[in-house]
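Asks: Take the sequences, apply the hints, and build the full model.
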Amino acid sequence: MLQAVIGLEIHAQLLTVTKAFCSCSAETFGETVNSAVCPVCTGQPGTLPILGNGTVKLSLMAALAFNCRINRRSFFDRKNYFYPDLPKGYQITQYFRPLAEQGFIDVRLGNGQKRRVRINRIHIEEDAGKTIHEGASSIAASRDRGGTLVDLNRCGIPLAEIVTEPDITSPREARLTMETIRDILRYMSVCSGDMEKGDLRCDANISVVDTEDGKSSQRVEVKNINSFRFVEKALEFEFERISEAMRKGHQITKETRTWDFASRTTISMRTKEEESDYRYFPEPDLPPLEVSENLIDKTRREIPEMPDRKTDRFIAEYGLPEHDSTVLSADRELSDFFERAAGLTGKPKETANWMMGELIRILKEQGLTIGQTLLKPEHMADLLDLLDSGKISSNNAKEIFPDVVTTGVMPSEIAEEKGLHQVDDEAEIEVAIREAMSANPKAVDQYRSGKKGVLSYFIGAVMKKTRGRADPSIVNEVARRLLENE
Amino acid sequence: MDNRSFRKKLEQLAEDAGNPLDRDYLERIRSLNPEINAFTEYKTALENPSNGPLKNIPFAVKDNMHAVGFRTTCGSRILQDYESPYDATVIRRLKKAGALLVGKTNMDEFAMGSSTEHSVQGVTKNPWDTERISGGSSGGSASAVSAALVPFALGSDTGGSIRQPAALCGTVGFKPTYGVVSRFGLTAFASSLDQIGPLTRCVEDARTIMSIIAGEDSRDATTLKGTRSLFLRKLEPSIAGKKFAVPIEILEYEGLEKRVYDSFMDMVERIRQEGGIVDEVSIPSVKYVVAVYYLIAPAEASSNLARYEGARFGFSDPSPNYAALVKHTREKGFGEEVKRRILLGTFTLSSAYYEAYYSKALRVRRLLNKELSDIFSQYNYLINPTCPVIAPKIGEITDPLVFYLMDIYTIAANLSGLPAASVPSCSVNKMPVGFQIVGPRMKDMEVLDLAAAVESISPFFEHGLAPIPERWSA
Numbered sequence: 001m002l003q004a005v006i007g008l009e010i011h012a013q014l015l016t017v018t019k020a021f022c023s024c025s026a027e028t029f030g031e032t033v034n035s036a037v038c039p040v041c042t043g044q045p046g047t048l049p050i051l052g053n054g055t056v057k058l059s060l061m062a063a064l065a066f067n068c069r070i071n072r073r074s075f076f077d078r079k080n081y082f083y084p085d086l087p088k089g090y091q092i093t094q095y096f097r098p099l100a101e102q103g104f105i106d107v108r109l110g111n112g113q114k115r116r117v118r119i120n121r122i123h124i125e126e127d128a129g130k131t132i133h134e135g136a137s138s139i140a141a142s143r144d145r146g147g148t149l150v151d152l153n154r155c156g157i158p159l160a161e162i163v164t165e166p167d168i169t170s171p172r173e174a175r176l177t178m179e180t181i182r183d184i185l186r187y188m189s190v191c192s193g194d195m196e197k198g199d200l201r202c203d204a205n206i207s208v209v210d211t212e213d214g215k216s217s218q219r220v221e222v223k224n225i226n227s228f229r230f231v232e233k234a235l236e237f238e239f240e241r242i243s244e245a246m247r248k249g250h251q252i253t254k255e256t257r258t259w260d261f262a263s264r265t266t267i268s269m270r271t272k273e274e275e276s277d278y279r280y281f282p283e284p285d286l287p288p289l290e291v292s293e294n295l296i297d298k299t300r301r302e303i304p305e306m307p308d309r310k311t312d313r314f315i316a317e318y319g320l321p322e323h324d325s326t327v328l329s330a331d332r333e334l335s336d337f338f339e340r341a342a343g344l345t346g347k348p349k350e351t352a353n354w355m356m357g358e359l360i361r362i363l364k365e366q367g368l369t370i371g372q373t374l375l376k377p378e379h380m381a382d383l384l385d386l387l388d389s390g391k392i393s394s395n396n397a398k399e400i401f402p403d404v405v406t407t408g409v410m411p412s413e414i415a416e417e418k419g420l421h422q423v424d425d426e427a428e429i430e431v432a433i434r435e436a437m438s439a440n441p442k443a444v445d446q447y448r449s450g451k452k453g454v455l456s457y458f459i460g461a462v463m464k465k466t467r468g469r470a471d472p473s474i475v476n477e478v479a480r481r482l483l484e485n486e
Numbered sequence: 001m002d003n004r005s006f007r008k009k010l011e012q013l014a015e016d017a018g019n020p021l022d023r024d025y026l027e028r029i030r031s032l033n034p035e036i037n038a039f040t041e042y043k044t045a046l047e048n049p050s051n052g053p054l055k056n057i058p059f060a061v062k063d064n065m066h067a068v069g070f071r072t073t074c075g076s077r078i079l080q081d082y083e084s085p086y087d088a089t090v091i092r093r094l095k096k097a098g099a100l101l102v103g104k105t106n107m108d109e110f111a112m113g114s115s116t117e118h119s120v121q122g123v124t125k126n127p128w129d130t131e132r133i134s135g136g137s138s139g140g141s142a143s144a145v146s147a148a149l150v151p152f153a154l155g156s157d158t159g160g161s162i163r164q165p166a167a168l169c170g171t172v173g174f175k176p177t178y179g180v181v182s183r184f185g186l187t188a189f190a191s192s193l194d195q196i197g198p199l200t201r202c203v204e205d206a207r208t209i210m211s212i213i214a215g216e217d218s219r220d221a222t223t224l225k226g227t228r229s230l231f232l233r234k235l236e237p238s239i240a241g242k243k244f245a246v247p248i249e250i251l252e253y254e255g256l257e258k259r260v261y262d263s264f265m266d267m268v269e270r271i272r273q274e275g276g277i278v279d280e281v282s283i284p285s286v287k288y289v290v291a292v293y294y295l296i297a298p299a300e301a302s303s304n305l306a307r308y309e310g311a312r313f314g315f316s317d318p319s320p321n322y323a324a325l326v327k328h329t330r331e332k333g334f335g336e337e338v339k340r341r342i343l344l345g346t347f348t349l350s351s352a353y354y355e356a357y358y359s360k361a362l363r364v365r366r367l368l369n370k371e372l373s374d375i376f377s378q379y380n381y382l383i384n385p386t387c388p389v390i391a392p393k394i395g396e397i398t399d400p401l402v403f404y405l406m407d408i409y410t411i412a413a414n415l416s417g418l419p420a421a422s423v424p425s426c427s428v429n430k431m432p433v434g435f436q437i438v439g440p441r442m443k444d445m446e447v448l449d450l451a452a453a454v455e456s457i458s459p460f461f462e463h464g465l466a467p468i469p470e471r472w473s474a
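Just so you know, the protein sequences line up as chains A and B, in that order.
For what it's worth, the working numbering labels the leading residue of the first sequence as 1, then goes sequentially.
For what it's worth, the working numbering labels the leading residue of the second sequence as 1, then goes sequentially.
Keep in mind that the hints were calculated from the coordinates and are not lab data.
Quick caveat, the model's predicted, so the values are computed rather than measured.
Calculated from the model, a selection of chain B residues having no Cβ within reach of chain A, i.e. all distances over 12 angstroms:
1) S5
2) L232
3) R233
4) V281
5) Y288
6) E336
7) I375
8) S458
9) P469
Quick list of simulated restraints, FRET-style, between CB atoms:
10) K298(A) - L367(B): 37 to 43 angstroms
11) D279(B) - S292(A): 40 to 46 angstroms
12) A323(B) - G198(A): 21 to 27 angstroms
13) K339(B) - K298(A): 47 to 53 angstroms
14) D336(A) - P53(B): 56 to 62 angstroms
Idealized CB from N, CA, C, for every residue including glycine.
Replies: Structure follows, in structure tokens:
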């Protein structure tokens, strides 16, 4: 059997206030091109990098959350290469001795099982700018046309590079791993986790091994994967491509390929012979990064409960199914909301059902997070109360829920206003049934001659009259009594 | 302007709050600079100075330090029109102390050289003999101070670039402990070796300048805490009872000129007479300093100079695409010596040779640190000639290796980050000879103490100041 062997290299933009090595704002989204810059991040002669505290703290948080061993003393190095979006001609990174090594994460596979993916290293580095090749579909094409534009706003934004061991055995697992990493980073507000915006980036290494004879293909690196879905798609494509070659007895060359969004395939970028020599050497402008035991302890205390552990706890503590538990735990706001709401309602399963169904649908439709809405746990408590005491029907509850989310008005108030309180007065229901009976004596006769199915006609008529507010069980009981006894 | 009037002039300037513009100095620069070409650029009018200890005192800086209102060319075509976008920390501190920046001084391109012959702005001449080199790479600063065009100037020292021209031009030159002076605003050559320091006419002036430019800087992560206060006490020149080490490897070097050797031994004798204890010692790794330096410095330089590619600032050779732009800009923008070192550094950092060269150089550097720190556990100072030769004639030396070896006595202090001063100890055929004092890390003030003591027994000095060559004192 052919099996994929996959490792990921993930770049996460850290949500710091300033850039890694200067005091420019790191929030550059939507800024005018080349405006969020200074002499340091544009590489003017004579400037020097100063490592910001925020960068250390957030990367340390990530390292601890991924169960890494922290190097109490790590170093910065220079990675040298020429590119228009790299103003200094080198990138400051940690090559020889990274901030953290030897960690792991447990990835839920959705069937109650987990895959432990080991983390090889986590290190700090700076982002480059953005190169826009005007009117060219590729860098190669722009070489001839010359239309290259550079935006340096992103230059110097801190990145944590997270490198996994090749422990991932399928494209789907690779996506799940990326999603798990995204969830963890988002939980701690270390990274926005947005792949489409490039805040989180992924390069994947894949080789294919024949489990019968142990033979392995060469390793291929796939770059420029810009969504979680494409992590899976690109690797599926590569797995098929490599497997096909192996079946045919063809050689796979060690190379770097790029995911091509348009054709949904991977395209060769360069072979091993074309790889640059980055001439890494220690960065003389920055002293070693010393991380004290004190800072490690302090940072550890600031790390919230991680999604994986929370999922387990939700299953044990609230009796939720794994799927619901995973979905709610994946988002910190959502899980916090759930816990407070479940506390108020005393009905964790029903609360979870409402959140999993209606709430997530509404959030998706409106493109909002729960924190961006006016919904409070108190609303959930009120809603479940109304349902529980039979004051509104579940259909009506669903009808008013979007209004609750957008207006923040209590469900009971909305129900009152709209006159949706369920009619449970037998006398009132009896009047309505009698009206329906005299309006359609033929149906009455049919029922009495044994066609019990027409009962639903009378129930329907009552519901229509009461605009759905009548308690169906009472309607059923009264209709039966009137039709059978009179 | 003779030496007495030089000192008097300075005192007068410091007292005279009503007349901030120093016409005398500007006039001297205007009329005399063309003969020695010490300046790359100078002001014709000065702004009002701040109130401070150096109020009204004019100064110059090497053209690799940024100062708003001036270009920063580094003696290179590639930065020929580059306007400083900000003030270097040292400039900021001196301006705040009231000093007036009058101009930028010439240098070997990107500080790579020992003669100030390798500048796009031409050769800087030695005021003692204008047919000779001023030394380098801070030759412009040394020449300007020697000819009394400015009372003091700043230089930068990566392998001896302050001390060697100071020695050849007969001025005091001081390279502080690495990390004592901020490098923010100094165009980097080799970042782990570069350090800014003063060139002056006496040791006390060097102390004064250090008391202003030294100190931790939030813009340079390699600066050390609590270093400015080192320079706030009075100099205590004393020799009696102090222990001096003279490395035999230095005396045995075959390139050491006999007359320089003799003048050095003469000063050693004077030190002994003053009660100093001088021993010959062996520091085996000193033999490798030039080799280590020419692996480490070009490696760092190859990376530091990568930013000059023509896309964002400086000289740019219009080209159809980025690769061609980089290639053509650097081909035309850099001089031969700079290109040689970039190639050398690029080679030694390449993954195939990193272990064999760069990594090994770092190991020898650590070994040197250890050997030097062993010496300093037994001795107060290490002494030697600053430069094995007196200033050569312009154009006399064409083999780069001969230039590289001229730095043999100064490089160790950079590799180990130690404080070192050069003080003129005598003249040989009317050309000055420098005496170098190296001390342990952070013992900068102790180095200046000894420098002041040497100054007081040096036959070179008159009235406590380095003399102004005849042509320039008229």
